[in-house]
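Visitor: Protein chains in written order, with my numbering: chain A, 1 to 191; chain B, 1 to 282; chain C, 1 to 419.
Treat the hints with care, since some could be wrong.
Straight line, CA to CA, 20 Å or less: simulated SDA-like cross-link-like pairs of lysine to any residue [stated by the list, open to error]:
{"hint": "1", "chain 1": "A", "residue 1": "LYS66", "chain 2": "B", "residue 2": "ARG115"}
{"hint": "2", "chain 1": "B", "residue 1": "LYS247", "chain 2": "B", "residue 2": "ASP108"}
{"hint": "3", "chain 1": "B", "residue 1": "LYS94", "chain 2": "A", "residue 2": "VAL52"}
{"hint": "4", "chain 1": "B", "residue 1": "LYS34", "chain 2": "B", "residue 2": "GLU186"}
{"hint": "5", "chain 1": "A", "residue 1": "LYS49", "chain 2": "A", "residue 2": "GLY69"}
{"hint": "6", "chain 1": "B", "residue 1": "LYS274", "chain 2": "C", "residue 2": "GLU414"}
{"hint": "7", "chain 1": "C", "residue 1": "LYS304", "chain 2": "C", "residue 2": "GLU414"}
{"hint": "8", "chain 1": "B", "residue 1": "LYS118", "chain 2": "A", "residue 2": "ALA42"}
{"hint": "9", "chain 1": "A", "residue 1": "LYS137", "chain 2": "B", "residue 2": "ASP108"}
{"hint": "10", "chain 1": "B", "residue 1": "LYS118", "chain 2": "A", "residue 2": "ASN186"}
{"hint": "11", "chain 1": "A", "residue 1": "LYS66", "chain 2": "B", "residue 2": "GLU186"}
{"hint": "12", "chain 1": "C", "residue 1": "LYS401", "chain 2": "C", "residue 2": "MET200"}
{"hint": "13", "chain 1": "B", "residue 1": "LYS34", "chain 2": "B", "residue 2": "LEU180"}
{"hint": "14", "chain 1": "B", "residue 1": "LYS34", "chain 2": "B", "residue 2": "LYS274"}
{"hint": "15", "chain 1": "B", "residue 1": "LYS118", "chain 2": "A", "residue 2": "ILE183"}
{"hint": "16", "chain 1": "B", "residue 1": "LYS257", "chain 2": "C", "residue 2": "ILE254"}
{"hint": "17", "chain 1": "A", "residue 1": "LYS66", "chain 2": "B", "residue 2": "PRO188"}
{"hint": "18", "chain 1": "B", "residue 1": "LYS118", "chain 2": "A", "residue 2": "ASP53"}
No lab work stands behind these hints: they were computed from the structure.
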Amino acid sequence: MSDKDPKQPSRRDFIFLATGAFAAVGAASIAWPIVDQMNPDATALALSKIEVDISQLERGQAITVKWRGKPVFIRRRTEEEIQMASRVDIDSLPDNNARNYNLSPDSSASDENRALDENGEWLVMVGVCTHLGCVPKGQSLGDSKGDFGGWYCPCHGSHYDTAGRIRKGPAAKNLDIPAAEFINQNVIRIG
Amino acid sequence: MFKLSGYNFKFFILFQIIFVLSFSISAYAAGEQKRVQKHDWTFAGIFGHYDDAQLQRGFQVYREVCSSCHSMNYVYYRNLAEEGGPGFTVEEVKVIASEDTIIDGPDDYGEMFERPGKPSDTFVSPYANQNEARASNGGAYPPDFSVLAKARSTLRGFPWWFVDLFTGYQEQGVDYIYALLNGYSEPPKDFILQSGMHYNEYYPGNQIAMGQPLYEESVEYADGTVASVEQMAEDVSAFMMWAAEPKLEIRKQMGFKVAIFLFVLAGLLYYSKKKIWARIEH
Amino acid sequence: MSKESTYIPKSGFSKWFDQRLPLPRMLHDNINAFPTPRNLNYWYTFGGILTFCLVTQIVTGIVLAMHYTADAGLAFASVEHIMRNVNYGWLIRYIHAVGASMFFLAVYVHIFRGLYYGSYKAPREILWILGVVIYLLMVITAFMGYVLPWGQMSFWGATVITNLFSVIPVVGTTITEWLWGGFAVDNATLKRFFSLHYLMPFMIFGVVILHIWSLHVTGNNNPVGVSVKEKQDTVPFAPYYTVKDAFSLVCFLILFAWFIFFNPNILGHTDNYIMADPLVTPAHIVPEWYLLPFYAILRAIPSKLGGVLVMGAAIAILFILPWLDTSKVRSATFRPLYKQFYWIFVVNCIALGYLGSQNPEGLFLVASRICTAYYFIHFLLVLPILGLVEKPKPIPESITKAVLEKMEIRNMKEKSAEA
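Based on the provided sequences and hints, a complete structural model is requested.
Guide: Shown next, in the form of structure tokens:
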């Protein structure tokens, strides 16, 4: 009935190969949902972009919003703060990278590359110290702003300037600027 | 000769018999509860799918009529724009959400405050909690709609419960809801209706605390469909089914692919088995 | 296990490894080369299917536990979160829920196969007893698992069954409150049920290892019930039975997939989509279908203590089955009288299942009592007596002879069909 010669590959081996391949595809297809369920779920993804109404913010004021579980500092800078940041020689900065998600990865840390808008008024940064993850002080009126007038991390003494760039202390990188844009003059979308 | 029918089918039947006979239990009261008829639903059966326009109309009925008493706490506004759903756009969903007021907080002063809804919020609830709901409705709790279509069922009688197993009919819940919404009528002469209750042909015990919610033209449909009671009942029931089973379409589509895959694999394994066993006498 | 190993390491690595931990050898001896009777039919593939079901439940269960919250205020919502928000959460949840039913379907086929072919008889008594232990652990695991979604049936099923412990004289109420962690089924109960439900499948896994080990000591039984006498009675497990098990598994998966994708909730109860409410009892409290026969037995007895004892006895009696059946012949194929009583017993169990779903009153109650009585009559009267009075059909001398006889009959039938 069937071909008993083990030397001939022909249809007998093909069917085993096909079966094995099919079974492997099946195993991979069931493995994917098991792996994917650990990825961020729909509620996390829904909050992966937020819209913030900044119409009430006056110059010199700052708010902190929660985005993807982390604080985001939004500051509407005064002219003085913008000047302080623009005057700095960027080659002397400990970190000369803009760390701005909205620009190319090798952009320099000039004040224009740190601000969200053309005027330089709006600074939007992830409020997590790039050293070991504490939340720097500087958002509230009574907070210490560090030696450079921006933010100061009390955990290990990192000082950030008015553009959120690291100037002194153990942190190696400037505060991250997340994907952000003005969708109209009152609302910033982050993420 | 393909022997699949041998053991598997026998057991399939035996198992189904036990199973189905026993599943016909829950919410059926003995007595004058009228038998619910099977209704045609676009989402029933192997190729079931939702009708976007129907879901949008159903959502409108829910929003304008039902949501004043019934919450839908597990459904998010963003679900309205997701695949397999009513098919609103992301912008439309933002508007719908913002029309509702959500209580959020506490703020920096420790107070709860109100804000317009966002797509990432769950549907706003008409009452703060079950107690408030009961107090506002004469002690009766208007059930949450999120999974209500799966929390109700009907006794279909032989042979339908048997057929349902093979056709994958899971719509007994919406059949009941549809019947209930259409089932308000005058009580028979000798029926004693408690005060505050209403007569319904399909509700167990025939007395329901909810007054008839839908009347002709209760809602003016945005797409111009005539808003008869049957139409609104059907649309809101379909919407409730979506709310209970938002993944229905993807589930059935995936099931179809899985079934084809398994049949092919079974065939390949059958021939592999035959080839291997041909080596010996058996 | 007493046989010499036929393992030959194929590579330097496998030889090196095998010298330090004889795992490759053990796998080869027990899976690849294990001599298995050549006449096993498809009823014998359910052991493999059960192993697959156990692994499936464990994998999906662990994944669900990453998203589930075992708290009375949050459990129901967390299950809805899984269904709606977790990637493929709906799929994993339905696989786990339907999987429990499929697990029990397979275990009942497996048990009834054993009853038919006398697989519980000497020398496989321990194998059988380990199997009953696995079944008992499965029942407890499934019962606790069903409580976790915290629906109406979860809560009230838990209440009814845990209340049964109060029948124990003197210490009953204390034990029940100890089980509950309170004065009723509540948050404390739910939390401990979650912990134990996570634990028990691994206990099941351990007993399954013992079960397979003891099977490999005695070797498999087979449809004619005649012990293995010569080498040609058997074939190596791989590839003959690996491919047969695989084919059977895929057919089983077709049924499994049908339920998951096209009717996932029919095996459950609609009331479990209503959040648990300690102040409202559902009209009919019923367990899942696979526990219905025991539920029928429990409610058939008028006294609460009696019901619990008889229900317990219904499982306990399975432990002593190898000694109740006095027949020297294993397989029902050669026991014409037993064959008939076997099928009556099967119908009796199905009837008990149906009766478990109905209200225990009127005709249903009478029927439950008759069927419960018959259940025990089957084990305590029919089996012992039958073995002594039955005249079995002539048994084949060996497995090979039985296989050859069957082939001859088949060939003759084909010839006469052609003629």
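Visitor: Take the hints in turn and mark each one as holding or not.
Guide: Right, here's what the structure says about each hint:
Of the supplied pair hints, the one linking LYS66(A) and ARG115(B) holds, its CA atoms being roughly 16 Å apart against a limit of 20 Å. With a CA separation close to 39 Å, the supplied pair LYS247(B) and ASP108(B) exceeds the 20 Å bound. For a cut-off of 20 Å, the pair hint linking LYS94(B) to VAL52(A) stands: about 14 Å separates their Cα positions. With a CA separation close to 14 Å, the supplied pair LYS34(B) and GLU186(B) stays within the 20 Å bound.
Restraint check: the Cα-Cα separation between LYS49(A) and GLY69(A) comes to about 11 Å, which is no more than 20 Å; the hinted pair holds. Straight-line distance between C-alpha atoms of LYS274(B) and GLU414(C) comes to about 19 Å, which keeps the hinted pair within the 20 Å bound. Proposed proximity of LYS304(C) and GLU414(C) is contradicted: the alpha carbons are some 60 Å apart, above 20 Å. At most 20 Å may separate the alpha-carbon atoms for a hinted pair to count; LYS118(B) and ALA42(A) meet this at roughly 15 Å.
With a C-alpha separation of about 17 Å, the suggested pair LYS137(A) and ASP108(B) falls inside the 20 Å cut-off, and the hint holds. As the CA atoms of LYS118(B) and ASN186(A) are separated by approximately 17 Å, the hinted pair is consistent with the 20 Å bound. This hinted pair does not check out: LYS66(A) and GLU186(B) have alpha carbons roughly 56 Å apart, beyond 20 Å. Taking the CA atoms of LYS401(C) and MET200(C), the gap is about 44 Å. The hint is violated against a cut of 20 Å.
At most 20 Å may separate the alpha-carbon atoms for a hinted pair to count; LYS34(B) and LEU180(B) meet this at roughly 10 Å. At roughly 54 Å between alpha-carbon atoms, LYS34(B) and LYS274(B) are farther apart than 20 Å, so this suggested pair is violated. The suggested pairing of LYS118(B) with ILE183(A) holds, with an alpha-carbon distance near 16 Å, which does not exceed 20 Å. Taking the CA atoms of LYS257(B) and ILE254(C), the gap is about 12 Å. The hint holds against a cut of 20 Å.
At roughly 60 Å between alpha-carbon atoms, LYS66(A) and PRO188(B) are farther apart than 20 Å, so this suggested pair is violated. Proximity of LYS118(B) to ASP53(A) is assessed by CA-CA distance (about 13 Å); at most 20 Å being required, the pair is judged to hold.
Checked against the numbered hints above, the structure breaks hints 2, 7, 11, 12, 14, 17 and satisfies the rest.
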